[in-house]
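Trainee: Listed below are the residues making up each chain.
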Amino acid sequence: MDTLLLSRIQFAANISFHILFPTITIALGWVLLFFKLRFNRTGERKWMDLYLFWVKVFALSFAMGVVSGITMSFQFGTNWPGFMETVGNVAGPLLAYEVLTAFFLEAVFLGIMLFGASRVPGWLHTLATFLVAFGTTMSAFWILVLNSWMHTPAGHELRDGVVYAADWWAIIFNPSMPYRLTHMLLASGLTVAFLIAGLSAYRLLRGDRAAEVATGLRFGVILGAVLIPAQIVAGDMHGLNTLEHQPAKVAAMEGNWETQGNVPLLLFALPDEVARENRLELGIPSMASVILKHDPAGVVPGLDDFVAADGTVLHPPVAAVFWSFRVMVGIGVLMLLVSWGAAFLIWRRGVEGVPRPALMGLTAMSFAGWGATLAGWYTTEIGRQPWLVQGVLTVEQAVGDIASGMVATTLVAYLLVYAALLAAYVGVIFHLARKGGRYDAPVASPGMQPAE
Amino acid sequence: MAMFDPVALPLIFAALMGVSILLYVVLDGFDLGVGLLFPFADEGERDRMVASIGPFWDANETWLVLAIGILLVAFPVAHGDILTALYLPVAVMLIGLILRGVAFEFRAKAPLGHKRPWDAAFWAGSLMTALAQGFMLGMYVMGLEWTWAKVAFALGTAGALAVAYSFIGAGWVILKTDGVLQRKAVGWARGGIWGMVLGMGAVSVATPLVSARIFDKWFRFPEIVALAPLPLMSGLLVALLWLALRRLPTANDSFAWFPFAGAVVLMVLGFFGMAYSFYPYIVPEKLTIWQAAAATESLAIILVGTLVVLPMILGYTVLAYVIFRGKATKLSYD
Ligand code: HDD
Ligand code: HEM
Ligand code: HEM
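Quick mapping for you: the protein sequence lines, in order, are chains A and B. Under full-length UniProt numbering, the first sequence has 320 at position 320, and the numbering climbs by one with no breaks. Under full-length UniProt numbering, the second sequence has 5 at position 5, and the numbering climbs by one with no breaks.
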């Protein structure tokens, strides 16, 4: 394999591993703040137990996020030197602001949040929890500004092939940023909602009757049930925005080869890039036109528009985008069914009355958010090919000149480490759930006790 | 403003990057050192050693992110040159940092039987990181060229930096613990000080020898007079450290801070020596900081943010060290 392909696989592996953990910490930080405030307000022990259980998951996820994030920042230099050389004047300040306003904030206050409760006044501990949650959200904000700018660049000018910033406001609030940020933050909320619901269900299945378990289940299910409709609406708006700015990506998502009206919404198809058509199509007539143009006869751009006169293909690979999009939407629909079904059961019969199969279903969905998030990112990023920065810089121009053997070696090393750590992470989370809320010491005055 | 002109800006950013690297080497140096010393401690002692760095290691590591960030954003051209030349050691370091950072969390949360393997991962990760950083330092001094002789030198600095980190790590343990563990740490420090001297000596001797320009900078008159205090102070400090380590720990714990503080000062002195040698180059003998710098407008906008935020960062970093001052006790989320 050549250096370009290997570097791409390596980048995809590293970012896919990294994003798993911020997806958890971004929302879990706010959830912890909520638990803490509920405890401050009610003094009920179950809220503190919930806090103490989930703060461990948070600490572990945070550590995974930090170390994999460091790998990310080095990669620009090791594998993609052309990226900073061409767009560094825009990307640089955005990344710098992320380090300055987010990373230090979360890293310093994390120490106080995790280990400082007995050393600082209660309000300072709550403040530290808030600042950590705020910091993770700021990270997401800055990195998504950059990523969105790469999809829908604005506010810059090109001089001698190098990008210069012209209007920072336009760069930061580039056309896809609000949609991408909203959709990603909701994705994080959903990931956490299903994780909390899933682990609580798992504990119930194992006969753990602690008060905190029932509350956790109720909390996770309700959070999921509330967020998923919002996510579907946000996703739809995101898609419409993409149609405006990156029509080739949407054509690939829909598997639509020709520009035409009455485009069906394909539920299944095998896109064939050589014959430039789909095999085994199964779809709902005119539905894609309705979704994208709000009119059954609406004309939707097709992939054939993005082939140059000499036959060069200017659209992304179709099958990967088509299928990853379906995986994301599929999981989204499943989340809707499961969370509303579970909410209904809890409403009618209470947590105790939720039948075992439903609990098993929730347990199985514990990491569903990861699946949808990765699939969504694959749609987004592969859908931008062959561009790295849409219309400005191609992936091929950015790649570094390194021996392919070297990239292959490091790729294998990363993959082995990631596979082992992922297994350990999931294993330990379920181990913590099995250990459950067995905290030895009785509740001391402000209600805190050692977790370990 | 003069600060925002194309001559001053790259200089300011080079200085900021230097400060971040220095803070990183000192701060993460003691964390990594603690990891390197793991095999010499028993299980209870290891818990206590981890407790002494628990609240700090994440923020310490962030200085590396800032340093690499400044290299990335302020000197985009140099960034590609340096990191592609150091591709393999960077990868080793990253995997080391990953193992070290997560082992730290896993050892406390995994089933009890898994604690030992995670301790081993913590040690291995610290070792990989320290060796890779020392190797990169050596290659940088040697002008980033992969020849056998230069790689051999870099392997030497790799070992030396690992020993130097264990020395500062031992200094940290002396400062943050007491009793048997503290006494053990004094022993570790006595062993480590020689590695530190050897490593700093090797770099100091080699740097002028590989570059006539650097040789001239150090040994020309009158600079040589102005520079003489640097090696002299280092020598004196090593002697004082050696004397102190023979008497520590004292009955009332006085001077427990001295080995750590001494190691910090030694690292600072070594750092200024290096900075003096390489200035004004960022890629040794190839690119100066002005040739490698990003556009003035972009640097200016980062500088504004930095001037506002950096004092706050330093402020809350100090706050964290004040909150967690004193001897380390059991690590718990209370
Ligand atoms: C829990 C996660 C999750 C769920 C349930 C959904 N998504 Fe999503 N989706 C994401 C998580 C996500 C994401 C990982 O966050 C992405 C990747 C980039 C982005 O901004 O969000 C994404 C991207 C993404 C894109 C690509 C936009 C672009 O790159 O230009 C579209 C069109 C949608 N989503 C639409 C939807 C629709 C119609 C959904 C209805 C069920 C949906 N998403 C559910
Ligand atoms: C600021 C944020 C991001 C930057 C700067 C960025 C940049 C890049 C770069 C340099 C590539 C390599 C080119 C290629 O392989 O096609 C790439 C591809 C990729 N990125 Fe992103 N990316 C960002 C965010 C993300 C996120 C959050 C994900 C989530 C998982 C992601 C997933 C991918 C994937 C899967 C590919 C491979 C696509 C392919 O091979 O065709 N990216 N991106
Ligand atoms: C190319 C893209 C990326 C780079 C270079 C990058 C870099 C980093 C680095 C260096 C850290 C560690 C910070 C520390 O030391 O505390 C980190 C952590 C983090 N990153 Fe990324 N990151 C990227 C993509 C993303 C994306 C797409 C998101 C979310 C949407 C994200 C969200 C976070 C968050 C929330 C943290 C805090 C640690 C955690 O919660 O796990 N990052 N990132």
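Read the hints as simulated data drawn from the structure, not as lab findings. Remember, predicted model here, so these are calculated numbers, not experimental data. Built from N, CA and C at the ideal position, the CB exists for glycine as well. Don't take every hint at face value.
[As the list claims (entries may be wrong)] Here are some chain A residues pointing at chain B (derived, C-beta under 8 Å):
{"id": "1", "residue": "ILE70"}
{"id": "2", "residue": "THR101"}
{"id": "3", "residue": "GLY116"}
{"id": "4", "residue": "TRP168"}
{"id": "5", "residue": "TRP169"}
{"id": "6", "residue": "VAL329"}
{"id": "7", "residue": "GLY330"}
{"id": "8", "residue": "VAL333"}
{"id": "9", "residue": "LEU334"}
{"id": "10", "residue": "LEU415"}
{"id": "11", "residue": "PHE430"}
{"id": "12", "residue": "HIS431"}
[To be verified] Using 27 Å as the maximum straight-line C-alpha spacing, the simulated DSS-like pairs for lysine-lysine come out as follows:
{"id": "13", "chain 1": "A", "residue 1": "LYS435", "chain 2": "B", "residue 2": "LYS150"}
{"id": "14", "chain 1": "B", "residue 1": "LYS217", "chain 2": "B", "residue 2": "LYS115"}
{"id": "15", "chain 1": "A", "residue 1": "LYS435", "chain 2": "A", "residue 2": "LYS56"}
{"id": "16", "chain 1": "A", "residue 1": "LYS46", "chain 2": "A", "residue 2": "LYS435"}
{"id": "17", "chain 1": "B", "residue 1": "LYS286", "chain 2": "A", "residue 2": "LYS56"}
{"id": "18", "chain 1": "B", "residue 1": "LYS184", "chain 2": "B", "residue 2": "LYS115"}
[As the list claims (entries may be wrong)] Ranges between beta-carbon positions, derived for each pair:
{"id": "19", "chain 1": "B", "residue 1": "GLN291", "chain 2": "A", "residue 2": "GLY330", "range": "50 to 56 Å"}
{"id": "20", "chain 1": "A", "residue 1": "GLY371", "chain 2": "B", "residue 2": "VAL19", "range": "38 to 44 Å"}
{"id": "21", "chain 1": "A", "residue 1": "ASP401", "chain 2": "B", "residue 2": "VAL19", "range": "29 to 35 Å"}
{"id": "22", "chain 1": "B", "residue 1": "ALA300", "chain 2": "A", "residue 2": "ASP401", "range": "50 to 56 Å"}
{"id": "23", "chain 1": "A", "residue 1": "ALA420", "chain 2": "B", "residue 2": "ALA226", "range": "31 to 37 Å"}
{"id": "24", "chain 1": "A", "residue 1": "ASP401", "chain 2": "B", "residue 2": "LEU198", "range": "34 to 40 Å"}
{"id": "25", "chain 1": "B", "residue 1": "HIS114", "chain 2": "A", "residue 2": "VAL307", "range": "35 to 41 Å"}
{"id": "26", "chain 1": "A", "residue 1": "VAL412", "chain 2": "B", "residue 2": "THR147", "range": "50 to 56 Å"}
{"id": "27", "chain 1": "B", "residue 1": "ALA228", "chain 2": "A", "residue 2": "LEU422", "range": "29 to 35 Å"}
{"id": "28", "chain 1": "A", "residue 1": "ASP401", "chain 2": "B", "residue 2": "LEU209", "range": "26 to 32 Å"}
{"id": "29", "chain 1": "A", "residue 1": "VAL412", "chain 2": "B", "residue 2": "PHE271", "range": "54 to 60 Å"}
{"id": "30", "chain 1": "A", "residue 1": "LEU416", "chain 2": "B", "residue 2": "LEU198", "range": "53 to 59 Å"}
Trainee: Taking the hints in turn, state whether each one holds.
Mentor: Hints, one by one, checked against the model:
{"no.": "1", "hint": "ILE70", "result": "holds (6 Å)"}
{"no.": "2", "hint": "THR101", "result": "holds (6 Å)"}
{"no.": "3", "hint": "GLY116", "result": "holds (6 Å)"}
{"no.": "4", "hint": "TRP168", "result": "holds (7 Å)"}
{"no.": "5", "hint": "TRP169", "result": "violated (12 Å)"}
{"no.": "6", "hint": "VAL329", "result": "violated (33 Å)"}
{"no.": "7", "hint": "GLY330", "result": "violated (31 Å)"}
{"no.": "8", "hint": "VAL333", "result": "violated (34 Å)"}
{"no.": "9", "hint": "LEU334", "result": "violated (30 Å)"}
{"no.": "10", "hint": "LEU415", "result": "violated (11 Å)"}
{"no.": "11", "hint": "PHE430", "result": "violated (11 Å)"}
{"no.": "12", "hint": "HIS431", "result": "holds (6 Å)"}
{"no.": "13", "hint": "A:LYS435 - B:LYS150", "result": "violated (53 Å)"}
{"no.": "14", "hint": "B:LYS217 - B:LYS115", "result": "violated (52 Å)"}
{"no.": "15", "hint": "A:LYS435 - A:LYS56", "result": "holds (12 Å)"}
{"no.": "16", "hint": "A:LYS46 - A:LYS435", "result": "holds (16 Å)"}
{"no.": "17", "hint": "B:LYS286 - A:LYS56", "result": "violated (48 Å)"}
{"no.": "18", "hint": "B:LYS184 - B:LYS115", "result": "holds (22 Å)"}
{"no.": "19", "hint": "B:GLN291 - A:GLY330: 50 to 56 Å", "result": "holds (52 Å)"}
{"no.": "20", "hint": "A:GLY371 - B:VAL19: 38 to 44 Å", "result": "holds (43 Å)"}
{"no.": "21", "hint": "A:ASP401 - B:VAL19: 29 to 35 Å", "result": "holds (32 Å)"}
{"no.": "22", "hint": "B:ALA300 - A:ASP401: 50 to 56 Å", "result": "violated (32 Å)"}
{"no.": "23", "hint": "A:ALA420 - B:ALA226: 31 to 37 Å", "result": "violated (53 Å)"}
{"no.": "24", "hint": "A:ASP401 - B:LEU198: 34 to 40 Å", "result": "holds (36 Å)"}
{"no.": "25", "hint": "B:HIS114 - A:VAL307: 35 to 41 Å", "result": "violated (55 Å)"}
{"no.": "26", "hint": "A:VAL412 - B:THR147: 50 to 56 Å", "result": "violated (27 Å)"}
{"no.": "27", "hint": "B:ALA228 - A:LEU422: 29 to 35 Å", "result": "violated (55 Å)"}
{"no.": "28", "hint": "A:ASP401 - B:LEU209: 26 to 32 Å", "result": "holds (30 Å)"}
{"no.": "29", "hint": "A:VAL412 - B:PHE271: 54 to 60 Å", "result": "violated (36 Å)"}
{"no.": "30", "hint": "A:LEU416 - B:LEU198: 53 to 59 Å", "result": "violated (35 Å)"}
In the structure shown, a violation is registered for the earlier hints numbered 5, 6, 7, 8, 9, 10, 11, 13, 14, 17, 22, 23, 25, 26, 27, 29, 30, in ascending order.
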